[in-house]
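J.: Here is what each chain is made of, one letter per residue.
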Amino acid sequence: MQHKVIDVKDVVIRFAGDSGDGMQLTGTLFANTSAVYGNSLSTFPDYPAEIRAPKGTVAGVSGFQVHVGSQKVNTPGDYCDMLVAMNPAALKANAKWLKRTAMVLVNEDAFDDAGLQKAGFSGNPFEELRIEDRNIIVAPITKLTEDSLKDSGLDLPSIHRCKNMFTLGMACYIYNRPLDYIYDYLESRFRKRHPEMIEPNRKVLNDGFNYAANIQAIANTYTIEPDLRERGIFRNITGNQAIAWGFIAASEKSGLPLFCGSYPITPATAILEELSLHKNLNVKTMQTEDEIAGICCAIGASFAGNLAVTTTSGPGLSLKSEALGLAVMTELPLVVVDVQRAGPCTGMPTKTEQTDLNEALYGRNGESPLVVLSAHSPAHCFDAAFTAAKIALEHMTPVVLLSEGFLGNGSEPWKIPSMSDYPAIKPRLVTSDGSKFHPFERDPETLARNWAPVGTPGMEHRVGGLEKTHAGVLSTQPENHEMMVRERAEKVARVVADIPDLQIDGPETGEILLVGWGGTFGHILAAADTLRAEGKTVSRIHFDYICPLPKNTEKVFSGFRKILVCELNSGHFAGYLRTRFPQFNYLQCNKIQGQAFLVRDIVDAVNNIL
Amino acid sequence: MATKYTVKDFKSDQEVRWCPGCGDYSVLTALQRTLPKVCEEQGIDKEKVVVVSGIGCSSRLPYYMNTYGFHSIHGRAMAVATGIKVANPELSVWQVSGDGDALAIGGNHFIHAIRRNIDINLLLFNNRIYGMTKGQYSPTSKFGAVTVTSPYGTVENPFNPGTLVLGSKGTFFARSVDTELAVSEEIMLAASRHRGMAVMEFLTNCVIFNHGTHWEISGREVKADRTLVLRDGEKMIFGKDRNKGIALDGWKLKVVTIGENGVTEDDILTHDSHADNLGLQMMLADMKYPDFPVALGVIRDVSEATYEDGVRTQVEEVKAKARVHTVDELLHSGSTWELK
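So the sequences go chain by chain: H and C.
Take the first sequence: its letter number 405 is residue 405 in my numbering, and every next letter is one higher.
Take the second sequence: its letter number 131 is residue 131 in my numbering, and every next letter is one higher.
You may find that some hints are simply not true.
[Stated by the list, open to error] Below 30 Å or equal to it, Euclidean Cα-Cα: the simulated DSS-like pairs (lysine-lysine) are:
id	chain 1	residue 1	chain 2	residue 2
1	H	Lys253	C	Lys319
2	C	Lys4	H	Lys279
3	C	Lys169	H	Lys426
4	C	Lys4	H	Lys436
5	C	Lys8	H	Lys436
The set of hints was computed from the structure by calculation and includes no laboratory data.
Required output: the full structure, derived from the provided sequences and hints.
T.: Laid out in structure tokens, this is it:
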């Protein structure tokens, strides 16, 4: 049979195995290799809530999907072109994601009777899953790794830990990936602590590559040409890391120290972890005793003049509600990040969702308006965090920034920006002019109050959760309360002046407008492209700013007969839009499965409407 | 160089609105009298003083002080105060909480602040009742207390704030009574000198819902026999006739009378709040009427590293070693690649 190299536009590869099989690393290395090669890509890890679920069971399967393209890739991909299954459970958990033409690489050594039984197979797994028509490559990866390292002097457990490199080598052969990046990675990963591990890993990687080149089962290999339109210096970034860095950037721009008070919670913890690494950049982090202490410490730090943030996920946001009201009432700058996960309550902690929007908008007692923003891609999390901090500091308001598990754990290559391209941040700090400081007197334009942190001479004043007058004096006077309630709401509404207009992707008028917010960005974009390729005319907008909404929102909506709001909940944003602009006809495309949209979900929804 | 302040400098223009006869007035007075001394002695400018509170009658106190003040939410004053202190360690942070605020809804923050030994001075007003919500039992109400939510008496034991602090290895605990203004000022000054978390318990009277709860020990006629003011280097002697004292009885304490059963002044213990003698200090904090006099004054005052110093030192150490100094450098750190 003639070996063919086939040039493809994009491929989706899913690496899956036991939690301990190193599939997250394998996937990450494959992704980074492709990024350095010049491809566009999007990744998403899909891991169980258990750190090490029982070995070999479906519950313990950890997966990492990477979508590599020669042009801009917007999602981690719906279905995969190649599945790597390190054991029967991984095959079982992921078979449903295979394309009809998919290649399946399995580790034969794990497909023994015990392995099959643990995964719940009684006969031939490929027949049971009805995937026997796929291109199945069965390789004794454990055995081949043992052979590769039999003279290495390593013990058997250490040898077995290298088998993911064998798999990676095979994948690199199949997709014609250069190995240089992986060599460099092994070098820097092991140089200091375990230099003895560099050579064995290299050897296994190469042996895997060569093995794939020699077996008959792999008839064709593939190339994905680099995307040469984007030039510059790049790095990979996850959403959680980008949020942490966005705050550090805002701290530098504003000249204020950064304070983060947080309590660990999946999938937001990595933000606190990342911030705690960068104390050299004027960052103070506190891992507090609970979620409430996290936000309350941050509010205290804000009163003392720091740029204060707290990071959490849904259940934590619930716990922070009362304190968030305190920040609304005291009109102190504060950013609360909610990396959303499937709820309610503990829900499905490692699964993504957009179900906290209503809580962010309305989840407090009393009239309690605040700014709500969202991030739309892992790299965009940087800008979103920067903007959230800028708005909080310049408008003296708490801001809730909504991210999602899908963004927080997902990563993408990011063209590194220059801080000189970012706007200045001007906190409303004031010093004494000799007169008595009235904390709730407002800027006539923005209605933002001034900020006199503790320690500012001559500006002693009291704030708190009780209603007050402009002068900061307690008041239960009816008219004063209504005035203050309306002013706090109007202050948030006037943030609109700093918000860019919506940009329509597609014609400004037409039959249907696709609407999204947050992490569904890439899927809706890809769906719009797919629909256009099918000959349909669709337009699309995406909201990063939820409250207040951009000022041209109503005008944009008025150009379309149908508005399809796509979101990973039962319709929070659609409901919100109905209260704002009831004159329009909103249709919904919803998914509440703890999973991102498939591009197909949105395409089908549109086709059902048109 | 700090300005000289007077009591007047610390009084705000707000009318104090506690019930007539409330024990909180005297603690407020003690604080307003102590702060000028603290500022002068420690070179603190008034704008560096901040008073943080939670919710409850006593938590209104910041409004009556002409300093920076934060009247936060129920139970969370400790966390707000912690954030303030970590953000700016130069500040003199005073917290005001009631027994419900600090020990019920805020119990978690209370023990963790003690564990961290952050330099905050906590004025814990203990009137053994929820006053602001009109008379429900609190975590310090006596067993069997009859209140509106315990009409047949409570069936739960109270906390003793002192043993709770010392059980968490707190570095400072002191106690006073609302009627003992001089002792209150004395322990506030000591707390301000202490580096680390300082808990001061004030036994206060609630004239409306728990009138006279502490009078069995603090009443004018009985206080000499039923309280013991501890001072460093002084013998633990008390009583109208100054003839009673605290002595060791094996591993326990006992009350002895000088001149009886061959007891002399030499048998009486001498107080040392600075000794790291948690066992003895715990027994002193735990002394209860009628078996013992209730200990007032500074019971424990030991020196340990503070949280905010740890934070500051770590930041300095990391900064000294760091190769990344700007965000631009951060963005280019680690693994990057160039597409030409």
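J.: Hint by hint, where does the structure go against what was stated? Just the numbers, ascending.
T.: Numbers 2 and 3, in rising order.
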